[in-house]
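K.L.:
Sequence:
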Amino acid sequence: MRESLLTTKFLLFLFALFFTVAAEAQVVVDVSKITCDQFATYKIDNPKNIAIWLDGYYHGTRGDMKVDIQTLSADAKKLEYYCVSNPNLPLIQAVKTVLGISASP
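Numbering (my numbering), first residue to last: 4 to 108.
You may find that some hints are simply not true.
Calculated pairs, DMTMM-like style, for lysine to aspartate or glutamate (alpha carbon to alpha carbon, straight line, at most 25 Å) [to be verified]:
| # | residue 1 | residue 2 |
| --- | --- | --- |
| 1 | K80 | D67 |
| 2 | K81 | D67 |
| 3 | K36 | D78 |
| 4 | K46 | D58 |
| 5 | K99 | D48 |
| 6 | K80 | D40 |
| 7 | K51 | D78 |
| 8 | K51 | D40 |
| 9 | K99 | D78 |
| 10 | K81 | D71 |
| 11 | K80 | D48 |
| 12 | K69 | D40 |
| 13 | K99 | D58 |
| 14 | K36 | D58 |
| 15 | K99 | D40 |
| 16 | K81 | D40 |
| 17 | K51 | D71 |
| 18 | K69 | D58 |
| 19 | K80 | D33 |
| 20 | K99 | D71 |
| 21 | K99 | D67 |
| 22 | K81 | D48 |
| 23 | K69 | D48 |
| 24 | K46 | D33 |
| 25 | K69 | E83 |
| 26 | K51 | D67 |
| 27 | K46 | D67 |
| 28 | K36 | E83 |
| 29 | K81 | D58 |
| 30 | K51 | E83 |
Per label pair, the in silico range of CB-to-CB distance [claimed, not checked]:
| # | residue 1 | residue 2 | range |
| --- | --- | --- | --- |
| 31 | S76 | K99 | 18 to 28 Å |
| 32 | G59 | V30 | 25 to 35 Å |
| 33 | N49 | L92 | 28 to 38 Å |
| 34 | S88 | M68 | 17 to 27 Å |
What the hints contain is simulated information worked out from the structure, not anything from laboratory work.
From a predicted model like this one, the values you see are computed outputs, not experimental measurements.
For every residue, glycine included, the Cβ atom is placed at its ideal position computed from N, Cα and C.
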């Protein structure tokens, strides 16, 4: 009887764990629609994570597979400061203005 109770509790635990993990929402973000306000105020995600994605995207469009970590961090800060002053600007436009990038997503 005790083994049956333990097995039942274990199965309930696994069931609860499965549905807890399954209940986490998957979030998909259209980067072309992110505003400076959303970027600079962490409304979408940590700005550094978005900057890393943008850096990879723009380097990929040029076939450049190198990452300069110091430049990436400095550029992310420049972009964040610019976005604080221009909250309604689309992030992609801010990237093009601040970093002088001409490729379009």
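K.L.:
Among all the numbered hints in the text so far, which are the ones the structure does not match?
P.N.:
Numbers 12, 27, 32, 33, 34, in rising order.
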